[in-house]
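From first to last, the protein sequence lines are chains A and B. This note's numbering applies: residue 53 is where the first sequence begins, and numbers increase by one. This note's numbering applies: residue 53 is where the second sequence begins, and numbers increase by one.
Hints are computed from structural coordinates only; laboratory data are not their basis. Hints may be right or wrong, so weigh each one.
Under the rule of at most 20 Å between Cα atoms (straight-line distance), these lysine to any residue pairs were calculated in the SDA-like manner [said to hold, decoys possible]:
1. A:274 x A:264
2. B:252 x A:203
3. B:252 x A:289
4. A:252 x B:294
5. A:252 x B:249
6. A:274 x B:135
7. A:274 x B:288
8. A:217 x B:284
9. A:274 x B:274
10. A:274 x A:293
11. A:122 x A:197
12. B:252 x A:247
13. B:274 x A:283
14. B:252 x A:295
15. A:274 x B:269
16. B:217 x A:291
17. B:274 x B:240
18. A:274 x B:217
19. A:252 x A:237
20. B:217 x A:242
21. A:149 x B:149
22. A:274 x B:284
23. B:274 x A:268
24. A:217 x B:240
25. A:252 x B:274
26. A:274 x B:199
27. B:274 x A:242
28. B:274 x A:270
29. A:274 x B:286
30. A:274 x B:128
31. A:252 x B:288
32. A:252 x B:269
33. A:149 x B:199
34. B:149 x B:120
35. B:252 x A:218
Computed Cβ-Cβ distance ranges for the label pairs, DEER-style [said to hold, decoys possible]:
36. A:257 x B:253: 32 to 40 Å
37. B:135 x A:122: 48 to 56 Å
38. B:176 x A:280: 51 to 59 Å
39. B:294 x A:242: 14 to 22 Å
Just so we're clear, the structure is a prediction, and the values are computed from it rather than from any experiment. In this text, a Cβ means the ideal position worked out from N, Cα and C, and glycines have one as well.
Listed here are the chains, written in short residue letters.
There are 2 protein chains.
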Amino acid sequence: MSSPTDPATSAAPVIVLVRPQLGENIGKAARAMLNFGLTEMRLVAPRDGWPNPSAGPAAAGADIVLEQAKVYETTAEAVADCANVYATTVRKRGDTKPVVTPEAAAGEIRTAPGRSALLFGPERSGLDIADVALARAILTVPINPEFGSLNLAQAVILCAYEWSKTQAMQQPPLTEQLPAAPQAELEGLIAHLEGMLEPKRYFFPEGRAEATRRTLRNVLTKPGWNALEIRTLRGILTHLDRPDRND
Amino acid sequence: MSSPTDPATSAAPVIVLVRPQLGENIGKAARAMLNFGLTEMRLVAPRDGWPNPSAGPAAAGADIVLEQAKVYETTAEAVADCANVYATTVRKRGDTKPVVTPEAAAGEIRTAPGRSALLFGPERSGLDIADVALARAILTVPINPEFGSLNLAQAVILCAYEWSKTQAMQQPPLTEQLPAAPQAELEGLIAHLEGMLEPKRYFFPEGRAEATRRTLRNVLTKPGWNALEIRTLRGILTHLDRPDRND
Chain A
53 MSSPTDPATS
63 AAPVIVLVRP
73 QLGENIGKAA
83 RAMLNFGLTE
93 MRLVAPRDGW
103 PNPSAGPAAA
113 GADIVLEQAK
123 VYETTAEAVA
133 DCANVYATTV
143 RKRGDTKPVV
153 TPEAAAGEIR
163 TAPGRSALLF
173 GPERSGLDIA
183 DVALARAILT
193 VPINPEFGSL
203 NLAQAVILCA
213 YEWSKTQAMQ
223 QPPLTEQLPA
233 APQAELEGLI
243 AHLEGMLEPK
253 RYFFPEGRAE
263 ATRRTLRNVL
273 TKPGWNALEI
283 RTLRGILTHL
293 DRPDRND
Chain B
53 MSSPTDPATS
63 AAPVIVLVRP
73 QLGENIGKAA
83 RAMLNFGLTE
93 MRLVAPRDGW
103 PNPSAGPAAA
113 GADIVLEQAK
123 VYETTAEAVA
133 DCANVYATTV
143 RKRGDTKPVV
153 TPEAAAGEIR
163 TAPGRSALLF
173 GPERSGLDIA
183 DVALARAILT
193 VPINPEFGSL
203 NLAQAVILCA
213 YEWSKTQAMQ
223 QPPLTEQLPA
233 APQAELEGLI
243 AHLEGMLEPK
253 RYFFPEGRAE
263 ATRRTLRNVL
273 TKPGWNALEI
283 RTLRGILTHL
293 DRPDRND
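Using the sequences plus the hints, can you model the full thing?
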């Protein structure tokens, strides 16, 4: 349904289910996706393995989505080729990333160059902090503050629905900016810098290391640098690692 | 939650389930409603009577909607007090009524005087022709023409969601993002990094130095880092300048 050379559909976001628990919910999510024209599902470490016999019946005919679903070990691998990653989660105090509605996200996805991905967490717990750290923005459905009880397929369907609404008014992307680099290149930059900071005892004391790494990741994820910019930054790091020259 | 004298909520539409079959689906519809602030459900001749023990568990806590649900013999009685009745159904050839999307209906409901009602038909067959005849307009969810498979609760949630977007509940998500740091702090970061790169001969050959500085500035300006982030990055640079420690 989508191909890299087809501009009309290349903007369709990937739906990433992170550690989904019930096969039935994976099937329902597939149905919700296909109802609004989304076909690319990725599964990160589904609890009960894959394929899951409970998924098919719940998909109510959306078998093509399940058949084409790809399975990954980690969330980072699942979004390695994606430039615009959204973490769907409830807002928390102290969010440092932009928080957008499904409608706003759909508008961004329509015009942003590069692939987009929407992350959805496990049924009970939602995305964990490390998954959210991979994302450029948080996607939150504004819900009744006295009764917020969206299940996985409902969250998926609202996002797919908003995306489909943007397709009715299909327009060429408005910008010639380069897309944000694929996540894998960002990971390369983060690993490069961490490798240089390690021997300088930047991640010390150990008890703070995890939070410090997360802060570093957030600061470097925010810009949405493109591949050229990432390459420039890698070059800067390489130069910083050289001895001073006084010639 | 709503009262007739409260103009802010008097526009909330009534959700009318016509001859619903499964109690579970009634419960799911209640949950979908309350998620987006709708509380008034009416049931026309529910197949298995009312109350239905399967409804409560599926409502996932939206019991107040079920407890207040009223039961009617006919669709006409259920909407007798409503001024603006929408029949949710797929479009058919020869529709003689206006056909609107959930979004357009929500806009009309928000401003129309009088009560509004949304009719949803039985799970398998949908509304029959006599039910549709009661409505002023047909409400159709624009769906994948090659795979249209919305269930009852999904149709309800999309309509409730669109309605909520017209309400105060829907506001741009507050963000706690800090503003971008003042330009002087960004300049401090750039100068710090340039100062470190200078002796590494990063700005060499001289003929390229100006362009290289501009590239560096562009890459660091793009993120719009806030003051905390700038401080983090200054700390990183300071650490990178230290000798390795092997203790």
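Indices of hints not satisfied (ascending): Result: hints 2, 6, 8, 10, 11, 16, 18, 19, 20, 21, 24, 25, 26, 30, 32, 33, 34, 35 break, sorted rising.
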